[in-house]
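All chains, full assembly: derive it from the sequences and hints.
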Amino acid sequence: MAAVSGLSIEEQAARWVARMDAGELPEVEEEALQAWLADDPRRHGALLHAQAAWMALDPALAVPAMQDDTPSRVPRRRVLAYGGAAIAASLAAGIFLFDGAKHYATDVGEIRRVPLADGSIATINTASNVEIRLARTRREVRIESGEAWFQVAKDRARPFIVAAGRVRVQAVGTAFSVRRRDNGAEILVTEGVVEAWADGADGHRVRLTAGTGAFIADNAAIAKKPEAPSSVDRTLAWRSGKIDLAGDRLDAAAAEFNRYNHRQLVIADPALGAEQIDGIFRTDDPEGFALAVQSSFGVPVDISDPGVIRIGHVPR
Amino acid sequence: MAAWVAQNVIPHEAAVRAWLARSRVTREDIDELIQDAYCRLAMLDAVEHISRPDAYFFSIVRNLLVRRLKRARVVPIEALAEIEAYSIDDSPSPERQAAARLDFQRVMGLIAGLPERCREMVMLRKIEGLSQRDIAARLGVTEAVVEKQVWQGIRAVQAAWRDGDTAAAARLDALDVETGWRR
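Taken in sequence, the protein lines are chains A and B.
So in numbering that gives the first Met the number 0, spot 55 of the first sequence is number 54, and the numbers just go up one at a time.
So in numbering that gives the first Met the number 0, spot 96 of the second sequence is number 95, and the numbers just go up one at a time.
Calculated directly from the structure, the hints in this document are not laboratory data.
Because the structure is a prediction, the values reported are computed rather than measured.
C-beta atoms are modelled at their ideal positions from N, C-alpha and C, and glycine is treated no differently.
Be a bit skeptical, because a hint or two may be false.
As the list claims (entries may be wrong) - If the Cβ cut is set under 8 Å, some of the chain B residues that face chain A in the computed set are:
# : residue
1 : 37
2 : 41
3 : 110
4 : 116
5 : 149
6 : 153
7 : 157
Stated by the list, open to error - Covered stretches of chain A (chain B as the covering partner; in silico rule of three or more C-beta atoms under 8 Å from a C-beta of chain B):
#  : region
8  : 13-24
9  : 35-48
10 : 51-58
11 : 253-263
This is how it looks when you write it as structure tokens:
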């Protein structure tokens with residue numbers, strides 16, 4: 000980025016941020032950035048402002064609108080601040096190696112985006128426990144429960160390996176999600192290629208390309224799911240705080256909402272559970288979903304209980 | 000740090016600017032004070048200890064202003080005392096907190112307020128999660144074009160925060176229709 004004179008500090012800072020968003024800076028540009036910053040202390044502030052402005056356009060970073068403001072937000076801020084500090088540190092140092100595991104836990108309904116020191120980003124879904132360790136020779140993530148989507152920064156020297164129970168998923172530079180289930184893990188690939196296997200069955204691996212997914216059981220059984228790319232996008236709508244339904248069964252949709260909310264949806268009439276539904280909803284709006292069901296299927300919805308929303312007639 | 004600033008400081012920028020304008024600071028000086036304040040934030044090693052980021056940011060700006068006025072020595076002492084005594088209320092109303100919160104609707108409102116071409120690329124980048132390179136390939140443009148639109152997106156958000164995003168708020172109604180029930 001040579002000819003930047005003639006632009007204001009803010010404009011130059013925004014250009015650097017746009018440039019960094021395109022991918023890791025080549026060494027020459029990294030040096031140019033450091034030199035630019037060193038020239039005028041105000042540029043640090045301008046760069047921070049531009050980074051924050053770019054992040055402000057990220058739905059995954061948004062504070063859930065309905066959330067209680069005080070105690071539950073404190074740990075969330077901490078972790079975000081921590082990730083941010085790591086970015087700032089890696090910016091200052093060029094390369095930032097980091098040892099020791101970090102633990103991240105999300106509440107029900109919380110979606111957290113964690114920028115990692117290597118440039119990768121982990122977006123952690125509702126009610127999840129994830130441990131991340133960036134070591135010198137490998138990057139390791141353990142999903143103890145829940146789900147996360149990873150945008151992996153390319154680093155051939157340090158493979159990025161996600162463990163969910165016995166299931167292992169390895170990527171070099173790509174984006175994919177892993178959701179831990181009771182008896183295995185679900186994998187969805189949004190970019191590039193990953194290899195996945197069950198621990199102890201390293202010889203029995205599956206290669207998954209962008210737009211496909213698989214379920215790998217703890218007993219190493221692999222069920223490949225060729226997904227249409229649009230369905231991968233729908234399944235990962237949670238990254239922007241949404242549930243995207245297209246012909247999904249009502250009971251499956253209700254179970255999906257129940258992952259994100261303490262207020263649970265109960266389909267009182269089992270026959271209703273097989274009905275299909277379309278629509279895009281906010282993960283934190285089970286009531287909106289229930290009311291949509293009410294108007295499309297003409298069934299009663301009981302929202303009087305703050306803990307439970309009942310859909311449909313109770314069968315006799 | 001940038002995420003913390005996006006969530007906790009930038010939403011209050013318009014209010015602090017408004018206060019400066021009421022204190023008869025010129026637009027040019029406001030820009031400079033705000034710029035200096037962000038520079039102070041960039042120098043922080045950690046932010047965990049800051050429990051009220053809005054008040055913290057405000058006091059940085061106020062201190063910078065007081066210092067500048069003292070140096071200029073053209074302000075009556077009373078005016079200075081008034082500025083020094085002014086502090087942000089300790090417990091902002093829920094309405095004010097809500098207004099200053101970077102919630103989902105506000106983010107979507109910001110995106111909706113971008114110029115069309117810029118909005119298309121920002122949505123591909125932020126919502127679909129495509130890389131700049133993938134966006135370029137999908138839309139059949141060069142990567143430089145995408146990077147430029149990202150740049151403009153950043154500038155547009157900065158301008159929106161600076162001027163207060165009343166316009167963005169007005170667009171929310173229209174947005175609700177889109178994110179609601181499909182078909």
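Evaluation of the provided hints:
A hinted interface residue such as residue 37 of chain B counts as satisfied when its beta carbon comes closer than 8 Å to some beta carbon of chain A; here the least separation is about 3 Å, so the hint holds. Satisfaction of the interface hint for residue 41 of chain B is found here, the shortest Cβ-Cβ separation to chain A being roughly 4 Å, below the 8 Å cut-off. Taken as an interface hint, residue 110 of chain B checks out: its beta carbon lies about 6 Å from the nearest beta carbon of chain A, inside 8 Å. Hint status for residue 116 of chain B relative to chain A: violated, with the closest Cβ pair at about 14 Å, above 8 Å.
The beta carbon of residue 149 of chain B comes within 4 Å of a beta carbon in chain A, closer than 8 Å, and the hint placing it at the interface holds. Taken as an interface hint, residue 153 of chain B checks out: its beta carbon lies about 4 Å from the nearest beta carbon of chain A, inside 8 Å. With its C-beta approaching chain A no nearer than about 5 Å, residue 157 of chain B sits inside the 8 Å limit, and its interface hint holds. For the region 13-24 of chain A, the stated coverage by chain B holds: 8 residues have a C-beta nearer than 8 Å to a C-beta of that chain, and at least 3 were required.
Look at the region 35-48 of chain A against chain B: 8 of its residues bring a Cβ nearer than 8 Å to a Cβ of that chain, three or more, so the hint holds. Counting residues of the region 51-58 of chain A whose beta carbon lies closer than 8 Å to any beta carbon of chain B gives 8, which reaches the threshold of three, so the coverage claim holds. Note: the region 253-263 of chain A has 0 residues with beta-carbon separation from chain B under 8 Å; the three-residue rule is not met and the coverage is violated.
Going down the numbered hints, you'll see the structure goes against 4, 11, while the others check out.
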